[in-house]
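**Student:** As a plain string of letters, each chain reads:
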Amino acid sequence: MSKPTDLVQGTLDLLILKILALEPMNGFALSQRMRQVSSGVLQVSDGSLYPALHKLEQEGWIKAEWRPSENKRRAKFYSLTRLGRRQLDREAADWSRLSAAITRVVELEEA
Amino acid sequence: MRFEHWIYSIPLCLRSLFKRRRVEQELDEELRYHVEQKTDQYIAKGMSAPEARRAALRDMDGLEQHREECRDTRRLNFVEDLLKDLRFGWRQLRRNPGFTAIAVLTLALGIGANTAIFSMVNGILVRPMPYPEPQKLYVVREDLHQGAHVYPGNVDNGGDFLRWRHDSHSFEGIAALEPQSDNLELGDRAVQIHGTRASANLFSILGIRPQLGRTFTAEEDQPGRSREVILTDGLWCARFNGDRQIVGKTIRFNGHDFTVVGVLPRNFYFPRVDQLDAMPIAGWTYNIQYFVPLALQPFESKPSVGNMMNFTVIARLKSGVTKQEALADLDAVETDISRHDPNAQGTFLTGNLIPLKTAVVGDASRTLWILMAGAGLVMLIVCVNLASLLVARSLGRVREVAVRSALGASRWRLLRQFLIEGLLLVAAGGVLGFMIAFDGLRLLVDNAPAKIPRLESIQIDGWVLLFNTAVAIAAGLLFSVLPGLRLSRTAAGEALKSSAANTTAARASARLRDLLAGAEVALCTVLLIGALLLAKSLSRVLNENRWLEVQHGVAVDLIAPYMKYQRRPQLNQLYDTLLAKVRSLPGVRDAGFSSALPLKGEMWTDGFDFDEARLPDQQQPNANVRFFSPGYFEALGLPLVQGRFPTDGDKGQAEVVLSREFAREAVPGRNPIGMHLRWHAPDTGKLLLCTVTGIVADARAEADQKAPFMVYFPYWVWAPNEVSLVVRTAADTGSTAAEIRAAVHELDPLIPIPSEQTMQDIVSEAVAPRRFVVTLGILFAGFATFLAALGLYGVISLSVAQRTHEIGIRMSLGARRGDVLRMVIGRGLKLALAGLAVGLAVGLLLIQLISSLLYGVSPTDPGSFAAVCVVLGFVAALASYIPARRATKVDPLAALRYE
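Residue numbers (numbering that gives the first Met the number 0), protein chains in the order written: chain A, 0 to 110; chain B, 0 to 898.
In short, the hints are calculated from the structure, not lab data. For clarity, every value in this text was computed on a predicted model and none was experimentally measured. Honestly, I wouldn't trust all of these hints.
[Unchecked claim] Under the rule of at most 30 Å between Cα atoms (straight-line distance), these lysine-lysine pairs were calculated in the DSSO-like manner:
#1 B:K135 x B:K248
#2 B:K44 x A:K71
#3 B:K317 x B:K135
#4 A:K71 x B:K18
[What the hints assert, rightly or not] Covered stretches of chain A (in silico footprint by chain B; criterion: 3 or more residues with CB under 8 Å from a CB of chain B, positions within the stretch not fixed):
#5 32-42
#6 53-63
#7 69-83
[Stated by the list, open to error] Not close to chain A: a few residues of chain B, all C-beta gaps over 10 Å, as computed:
#8 Y41
#9 M59
#10 E79
#11 G97
#12 P133
#13 R164
#14 R412
#15 G439
#16 R485
#17 Y564
#18 R816
#19 A833
#20 L853
C-beta atoms are modelled at their ideal positions from N, C-alpha and C, and glycine is treated no differently.
With the rest of the complex left out, here is chain A (with noise of 0.2 Å):
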């Protein structure tokens, strides 16, 4: 599965479960909240973005239904299940304690 070379490896659906903790969307809708709550800051191609969800999909950590979006269009929302929820507060649990780590790493006064 390419991954978007700029991303740390596993942190994508991190991204995608934290993103629809927030509320339900679709791919397109979650593609573009990705870019925004970012600034920019991480690419994600929007191609990559669906085999990512169909692996959680998989995983039984989303679940997936149609429904109407606001342009009146059908398409297909992702929502988290309750076992994402806890796979969510697992990842980021892990995420917090490596940023923190690599960020004392980084702050090291040099001699």
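Mind docking chain B on chain A? Use the hints.
**Tutor:** Below, chain B without anything else, positioned relative to chain A:
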């Protein structure tokens, strides 16, 4: 956590599997929605429509690739490929209907045979006895230590049984039984029924409750009682119309009234008489129909070493007690018994515990395992044959495989294609095989000899189904992996460059096919040797009993009711009148009776010695006691060896006839004629000294066992109530039997006639188990030979087809048809010989396993081995002659133009 995961993922997988199109469409729609939204966005930013769409697609960064990724995560591709492979496999099989038919049919026959035989093994050997905790049930027997050679039987003494019950602590319960037959009176006629005396606690030991009424109480089991009866469901339904008010009613047998206290449940199982006895009593394949209390008489209750051993004992071990502990417990009691028996003279008995199932199954297990092994060998040959066919077929597919692997098919994918084709074949073969097994099993059970126990517990159950499936899948893997592996290793470039026949792959596969054909011949050799040796044994056994007057002999069993014919004068008069009547029937040459016929097993053995040569009790040779009338030996065809037979003129004389081997064993080196045999009459206990008047030839009690020692008393010495009348007739045996029946019932309509048989029937019945194995063995071997011939034929045909070019050159250089014929047939024979050599070597080793079933034939019988070589040589020559003839028809010009 895992479980919750499945709640989501399993429905998704199923959806991918069964609603493939729908899932595809949704994926399309989802991606299209994204692209269109993005396009609209770009248009809103001022791009032209085509420009906007291009930009949107660029953002997707390879739409098709991502679509595939999505499909992969959904396992859609896997399902898709599987379906493609299935469809492709199906087309392949349909394109070769001949191959497919042979494959499915041979598989079906192999799987069917294995499933049917396994059903028997499962039902007879594996299924537990239908009692609670059956593994704790044992048959107790007594072994006489110093006398095993003269005292083979070891059912138990009644007194010893009472001592075990009283003094041992290892058992939850011990029960004794003694089977008996009785005449059940039904108004104006009587029928023979079979039942057993049984301790009151037998049913609690077995864990059986009656469907009506109760079982026996301890009081009813006291000496002198025994006036109650418990019926089995079968007897209750057959003779009493399932009368639900039967409990408390009185029924009569042998002139005594018995009160019915209970009826056993419909599914109650009890071993047959012949399965519980320690001695083989071939004729007694009766089911027990009723139970009466054992109520041991005082004369039956005296512990003794080696006397009055008449009872079969069944015991249930206490929980936590091992067999060894129980045996030690029994032996402690036995030692005490022999210490207190004045007749023991230093001899003693040891207890022997035999699991109930083992006792019931007896030596049938050996036969069944051998049949199972035979069926297994057949299955192996079926697989080898299919592997060889598939390798041949795969040769035609070298190009296909090469193209596919050049186009990027993985090795696993190619292998999977072969596996799927194999599994398609075994699926068809397995289902068909199961149907064959279903019918075959019925055929097997219907034709199985009565001696084989527990036939009623044979059925197709879950284990049989599982076995059937497992055999099919194992076979599929076995025969499809080999050609698949071989082919998927093919170097694509090479295969594409040159023609199929010249590649190294083709040469390697030819070698493999030679190997497989050789293996088939080898396996087939083993089966043929086994079948032939067994068949030869059967003919030897039949030969040993050839003296019996089978063509013109009729045997009619009859039972003089005990109450009416209690005294000897009455019995003697009955038999006198009867014999006179039967001898006057048209066509009757000789007529006589005996208490038991040859080939009907051993019964009633006693130790004997002579007034002139006294021996201590334990050293007296044991002989079967028989009672006969004049005319019996003549009707049977058993010749006189020495002296004379008692005749009607000797009535009242205490005389006796001995069998040849008994005379030899009892008074070695002396002429027994005129000596006096000591015998205690069973009813009075009076000592009789019977003068030996003649020696008669030996007659077997079991078709394939040495004849037991026999002592024949004329019926005026002691008359039994149950006899078998034997008649040699010039008339038709069927009509003679009917006339005898009429004559008997004219004398007394209350005399039951349980069976009428020709002597031919008796011989057939005695060799039935052997014939059963031989029939199946020959079927297996015949099928195996057919498969081996098929395998050889396939190999040779293919090699002829591949060498058409070469044969054409040879012929154009002057080779004659005979040369070509010799060359091709020679190749076939060479293959067969190699297989034969291996098969003979393996056969020599494996035959040791069935040596216990062989009779009068050495396991290395050179004649049989030679016959197998001749048969297989002939088959191999025939199998290669057909393609060889085709080779000689090759037109050299056409062959050279070929390619």
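**Student:** Each hint: holds or not?
**Tutor:** Structure-based check of each hint:
Straight-line distance between C-alpha atoms of K135 of chain B and K248 of chain B comes to about 36 Å, which puts the hinted pair past the 30 Å bound. In summary, the hint linking K44 of chain B to K71 of chain A is supported, as the alpha carbons are separated by about 22 Å, within the 30 Å threshold. A distance of roughly 8 Å separates the Cα atoms of K317 of chain B and K135 of chain B; the hinted pair therefore holds under the 30 Å criterion. Of the supplied pair hints, the one linking K71 of chain A and K18 of chain B holds, its CA atoms being roughly 26 Å apart against a limit of 30 Å.
Only when three residues or more bring their CB closer than 8 Å to a CB of chain B does the claim for the stretch 32-42 of chain A stand; here the count is 0, and the claim is violated. Coverage of a stretch by a chain is defined here by at least three residues with a beta carbon nearer than 8 Å to that chain's beta carbons; for the stretch 53-63 of chain A and chain B the count is 7, and the condition holds. A count of 7 residues in the stretch 69-83 of chain A with a Cβ less than 8 Å from any Cβ of chain B is obtained; the coverage claim is therefore met, three being the minimum. Distance to chain A confirms Y41 of chain B as a non-interface residue, since its nearest Cβ pair spans about 12 Å, more than 10 Å.
Its closest Cβ contact with chain A, about 4 Å, brings M59 of chain B to no more than 10 Å, contrary to its assignment away from the interface. Distance check on E79 of chain B: its Cβ is at least 16 Å (rounded) from any Cβ of chain A, clearing the 10 Å threshold; non-interface status holds. Remark: the non-interface label on G97 of chain B is consistent with the geometry, its nearest Cβ contact in chain A lying 45 Å away (cut-off 10 Å). Under the 10 Å C-beta cut-off, the non-interface status given to P133 of chain B relative to chain A holds; the minimum distance is some 47 Å.
The beta carbon of R164 of chain B sits about 66 Å from the closest Cβ of chain A, which is more than 10 Å, so the claim that it is off the interface holds. Every beta carbon of chain A lies more than 10 Å from that of R412 of chain B, the smallest distance being close to 21 Å; the non-interface claim holds. Non-interface call for G439 of chain B relative to chain A: holds, since the shortest CB-CB distance, roughly 47 Å, exceeds 10 Å. Remark: the non-interface label on R485 of chain B is consistent with the geometry, its nearest Cβ contact in chain A lying 35 Å away (cut-off 10 Å).
Even its closest Cβ contact with chain A, about 87 Å, leaves Y564 of chain B beyond 10 Å, as expected for a residue assigned away from the interface. Once the 10 Å rule is applied to beta carbons, R816 of chain B is consistent with being away from chain A; the minimum gap is 68 Å. With 10 Å as the threshold on Cβ separation, the claim that A833 of chain B sits away from chain A holds: the shortest Cβ distance comes to roughly 55 Å. At roughly 64 Å from the closest C-beta of chain A, the C-beta of L853 of chain B stays outside 10 Å, upholding its exclusion from the interface.
In this structure, the earlier hints numbered 1, 5 and 9 are contradicted, and the remaining ones agree with it.
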